[in-house]
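Enquirer: Use these hints to put chain V onto chain D, whose structure you have.
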Amino acid sequence: MTEIVQIRSKDRDVLMQSLSAGVVPRRGQHLIQVGRAAEVGALLADVERIVDGGSTVRFVIGEYGSGKTFFLHIVRAIALEKKLVTVHGDLSPERRLYSASGHARSLYAELMRNMATRSKPEGGALASVVERFISSAQAEAEARKTTPDAVIAERTAQIQEMVGGYDFAAVIAAYWRGHDAGNEQLKQDAVRWLRAEFTSKTDAKKALGVRTIVDDETFYDHLKLMSRFVRLAGFDGLFVCLDEMVNLFKLAHTQARAQNYEQILRIVNDSLQGIAVGMGVIFCGTPEFLSDTRRGCFSYAALQSRLSENRFATEGRVDLKGPVVRLERLSPEDLYVLLGKIRHIYALGDPTKYLVPDDALRAFMQHCSERVGDAYFRTPRSTIREWVNLLAVLEQNPSANWPTLLGAVQIGTEDNPDLLPIETDAEVSDRGSSAAAPEKSRKVGTANDDDELTSFKLK
Amino acid sequence: MAKKTDRASCLILLALLAILTFAVKIAVDWIADHPVVSAIVGIVALVAVVVWSRTKRAKITGENRVGGSTPTSSVAVEPPSIVHTSPAGVPASNSSKRLRESTGLRDADASPLPKTPTSRTDERSGSSVRPIGARASTVDWDGAILVSSIDARLVETGNWIAPGRTVEIHGRKVSGGMLYVGPKLRSVVSSQIVDPCLVNPRLPATKHRRPSTGIQLPYWPSYSEISDVDRGAMLDWLATGRSDARVEFGFVFIFFYGLERRILIDAMHGAVDLAELKLLRDEIARIVDLYGVSGSVRGYGSELRDVVDAILAARTDDIPAKSSEQSEAVLKVLLGREVALRGTISPLILLQLLLLKNRQPAVARRCPKEFSALFAKRAASTGLTKRFIEVGRPPISWRYRPASASFGKRDIAISVNWPDVTTHSAFEEAWSLANECATSLAPFSRFVDRDATGRSSIRAAALLPEELLDHDSAIEAGAMTMSEMFGSLIGSGEQKAVAADDILNLWQNDLTVEKISKGEMTQLAELAQRLGFAFEPDARFGAPPLKRGGKAIVFRQPTESLAVPTPGYANAMALMQLAVAVANSDGDVSRAEIEPLERQMAKSLGLDEPQQRRLRAYVEWLVVEPPTLSGLSKKLESTMPEQRRHVARLLADIAATDGTVTPDEVKMLTKVYKILSLDPALVHTDLHAAAIALGSVEDIPVVVAPQVPDRSGFRIPDPPLKKAAVGVQLNDAMIEKKLRESAAVAGILGQIFVDSDDDDQRPKSAEIVPSHVVGLDNAHATLATRLKDRQEWSRGDFDDLARELKLMPDGAIDRINDAACDRCGNPLIEGDDPLTIDVDVMREFIP
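Those sequence lines, one after another, are chains D and V. Quick note on numbering: my numbering labels position 326 of the first sequence as 326, and the sequence is numbered without any gaps. Quick note on numbering: my numbering labels position 715 of the second sequence as 715, and the sequence is numbered without any gaps.
Hints listed in this document are in silico derivations from the structure and should not be mistaken for laboratory results. Wrong hints could be hidden among the right ones.
Unchecked claim - Computed, partial: chain D to chain V, Cβ under 8 Å: (1) His30; (2) Glu94; (3) Ser128; (4) Arg132; (5) Ala207.
To be verified - As a list, the in silico SDA-like pairs of lysine to any residue whose alpha-carbon atoms are at most 20 Å apart: (6) Lys206(D) to Ala563(V); (7) Lys341(D) to Val40(D); (8) Lys201(D) to Asp833(V); (9) Lys206(D) to Gly532(V).
Stated by the list, open to error - Estimated spans, in silico, between C-beta atoms of each pair: (10) Lys10(D) to Gly775(V): 17 to 25 Å; (11) Arg450(V) to Glu262(D): 46 to 54 Å; (12) Arg450(V) to Glu161(D): 42 to 50 Å; (13) Glu467(V) to Tyr166(D): 47 to 55 Å; (14) Ala363(D) to Thr382(V): 53 to 61 Å; (15) Ala689(V) to Ala150(D): 45 to 53 Å; (16) Glu844(V) to Gly340(D): 24 to 32 Å.
The model shown is predicted, which means the values in this text are computed figures rather than measured ones. Ideal Cβ positions, reconstructed from N, Cα and C, are used throughout, including at glycine.
So here's chain D without its partners, still in its complex pose (with noise of 0.2 Å):
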């Protein structure tokens, strides 16, 4: 907490307005990382797996505010920083892993709108990824005397014979005709159909000439088809962060939940065969996502098979081998530190510019516990808000004073989303579709569901 380590104003501005809005941000989280030395370590194994070209699966799993999305992200900038692509994209009602009504497709879209290299890593960087491997073809047309278009030919022609492999090729092709004859529309067509953003697929013809698209059927076959891709294209594999998959265990829907929970599995099963080349797979959820055995993974035999975790690892012991990696909880103390390093940022590294004094920490927990109890550092998302927002404050009014500021600081608990009753807006669409889900009977609040089971009253 001491070192001097020049910060810049710039990272500082991302990172205060990220933590006080509630959200991970998007860069500098190694700043304000705190403990977890173990589980970070596991994952760095799984990079430098994937990097070698195997292929990895783990499971993070931690209660609401355990921060599993901070480590997602922290455990993404890893992977960027050891030169892999990665993608990321939070499941919901409109995005899951399968579908019949184009959710999947969507989750594709969304995942390679945020796909981010070293240095694109807020996202967007598809484009960059495609034209450095045609970039690379060129060079090596150059070298060899030849034809960009023969260079790319070749080199995609392993990936050609793989599903989905000749159109994905045939894409990649336009691409590099389209910025050869300037022309903008080709390119961006082609961008479109590696985003997942055709729909139809005579739309996708008449732009491109090919005859498929990425739809729900696909998905994951379009994910290994990207692995490879990259690598191709120079970077070190794949990396796929699934934030959020607790909406799997919110479908009402059983025959969709298995539907998804089959799609995990033949992830799981590809990864642990090492059938995937330099790819690697997080899924991020709460415990129950996971271990429930009515709605969770583990109401699918042959997924619990395969996660239920080394009976030797209980009390203590951890076994981070396994595919799943649990967070535990803030301590107070993770809190303390975690307070001081964003004092320690606020002031740009400096520790003679600090805007508060030790003690001032102290007496925040001790204003918040006061409030709101344990919770305070259970869920620190609104207490770090609340800190972020008095150190602003102090910055910008010198002449107030901590004390008096602390007083009026609010604090309020927070509910954990996952438990409130469970909106069922995603399931309208299904229920034309769906018979019987006896599951539906025992939600909360599904007002406007209208399954003949779920229409008994008690009176």
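Expert: Structure of chain V alone, referenced to chain D:
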């Protein structure tokens, strides 16, 4: 009923279990050797337990449902009336209770404060504090139901000086009203504290005027607590129309506290009419304008203004400001009201909300008009505007943090019964639609960024997505001219040969510009296609660009035809080019000679109707501007010998197709064979083989003498299925066979010919300095060095620079950033458009 039945069945089962257990216990002596009986007992017991537990769970769920959330729609249909929560603790009306339960206000109810039995001590006055939010209150205004988390018992409308009224305080005439004047006004949270906004005329205030500068008020000022001198100054400020810009902001805040109280307490409980609400809004806006230099005044002021706007928006279409300046809450209310009352949604307001909630793309800044027009069109065409209709959406709710200490420094939750569109799944779809629109407009926006004056030119129109072609009148004028021009070029026919200049002039009137770039050519072709026209040569399909002084063929083409060549078409093009080149060696290419070949080719290579049209136009162009074989040799050298041999055979076949081989053709072939580095003697072998093959497919009777019409004899009937051979007849089957055989060759030809005229079109490479940057090759190093010139690059300029160096822009950024990360730990180029260069990294990266 169901509950009773369940309980009864449960009891019966339990009784059954008891009886069975008892029976077993008695019988256990003499049937101890009957394990089957005990097994049955066990199963029955298990079933009973399961049934009982399920019944219990269902019961719990059912109870939760009764007390759980209720769709808001049921509230919205209540008849419009003031549902004023009665002051003396009478329970709130049913509808307000339900609305409250269904909104986020539960948090306020459950906040820890009301739960603590002893009252909290305020750090400043030490008096007891009344909890707010313990009883939310509701008002129904013309169907718009507002809920706030403040207790309705607090409403004290006395002391309020209505707008326009004048009061006299300590000899000063304070006109305009809008403040609380009187001896007593309780603060919102505590009956012991005087509300800071209350101007109490009984409190002393100095009379003499003095400059109001140099006064320092505490962080939370209160009229009752400031000094006599300050009160005098504040009254002076009020009496002079509240417009002295240099006044201490504390006074502004004390006045502002009054407005805040009037809105959050009185107005939220229906005590303020619409006209006054608008006046209050204008006053807040005035204060924000006047004292906006202070961040606090601006911040709190605009937030309160948004609250008023949202209240207004919930009730009336008459919104004082433009939607583009509105806050998130106001936009949500506008949209929610529209959905609830009209079942549709205004795409422009939706877009505003989307842009407010997400990072704004550069397109929205550069061409907002086109962006919103495109979004509106696509939203309507995809049916997005109608998708938001849905009952049971949660109401719109947000929190406001009052500036006044009167509220105990707590947030106030406000909610409006209209559905919150952002919670609808279509909202996310709308954002991806907006993103798609931004992508479609990206080329146009870059063009506009580079050349703002060219906004309404044809060159700009060519970059617009097709939905917008008839959008803007200026652009429309351009596009119409284009459409008319093409129309007049082509006349009434399907296809016509014109001078290339006619087409080029549409794009670029400057005759000194010899050629327009390939990229621009593509844009022109795209635009033409959207208007239902096409021309050959078309660079998109692999032909060379139009040249001044040359010829071109304009033809009609359906707008939905392919914009990229299929492999079959590319092959057909190359073969036709060869065919015409060979046919041309006798100095005269007749259209009739080529046509059967063209038709066969179209059939065997699977070309659809638009492609056949295009091929016809292309051949027509080849005929008017016959190709030469020069320049091909270099390209052919890189191909394999056996491939060249294949090509040669195909050429010979084509030469022999018409049944006769002229000496010119042989001469030409000899030349070609030399170019292909093949033995010229092979020409004769190949021609011979071709002729034999031609004959062997089908014997055609040779015409000895033409039929002479002779009425005296009998007429020999026409041979079935054969037309009389007039002149040269091509053998269709033969051509088809040959073409199939040559499918492998065609691929190679495509490569050779497609870019044949391309070399001079490529941008001349800029001077490339040898790489002095670690981790980059020469071109990338040059690019990185050139970036030093400026700290900010527009995307268009950067793309130009990259093109000059023959680099792909996005790939180049990635390469350079990667190297910079390796070297300095941070990327060099940041942002999307414009790109910013990190000066520190640059200094370290390229010293």
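Enquirer: Now look at each hint and say whether the structure bears it out.
Expert: For each hint, the structure was consulted:
With its C-beta approaching chain V no nearer than about 11 Å, His30(D) sits outside the 8 Å limit, and its interface hint is violated. This hint holds: Glu94(D) has a C-beta 5 Å from the nearest C-beta of chain V, less than the 8 Å allowed. Below 8 Å, beta-carbon pairs count as interface contacts, and Ser128(D) has one with chain V at about 4 Å; its hint therefore holds. Interface hint at Arg132(D): satisfied, since its Cβ lies 5 Å from the closest Cβ of chain V, which is below the 8 Å cut-off.
Given hint, Ala207(D) at the interface with chain V, holds; its Cβ is 6 Å from that chain's nearest Cβ, closer than 8 Å. For a cut-off of 20 Å, the pair hint linking Lys206(D) to Ala563(V) stands: about 7 Å separates their Cα positions. Restraint check: the Cα-Cα separation between Lys341(D) and Val40(D) comes to about 19 Å, which is no more than 20 Å; the hinted pair holds. With a C-alpha separation of about 32 Å, the suggested pair Lys201(D) and Asp833(V) falls outside the 20 Å cut-off, and the hint is violated.
A distance of roughly 15 Å separates the Cα atoms of Lys206(D) and Gly532(V); the hinted pair therefore holds under the 20 Å criterion. In this structure the supplied range 17 to 25 Å holds for Lys10(D) paired with Gly775(V), their Cβ-Cβ distance being about 23 Å. Checking the proposed 46 to 54 Å range against Arg450(V) and Glu262(D) shows it holds: the Cβ atoms sit about 51 Å from each other. Between Arg450(V) and Glu161(D) the beta carbon distance is about 44 Å. The supplied range of 42 to 50 Å therefore holds.
The hinted window of 47 to 55 Å between Glu467(V) and Tyr166(D) is violated, with their beta carbons roughly 32 Å apart. Checked against the hint of 53 to 61 Å, the pair Ala363(D) and Thr382(V) passes, with Cβ atoms roughly 55 Å apart. With their beta carbons about 31 Å apart, Ala689(V) and Ala150(D) fall outside the hinted range of 45 to 53 Å. In this structure the supplied range 24 to 32 Å holds for Glu844(V) paired with Gly340(D), their Cβ-Cβ distance being about 30 Å.
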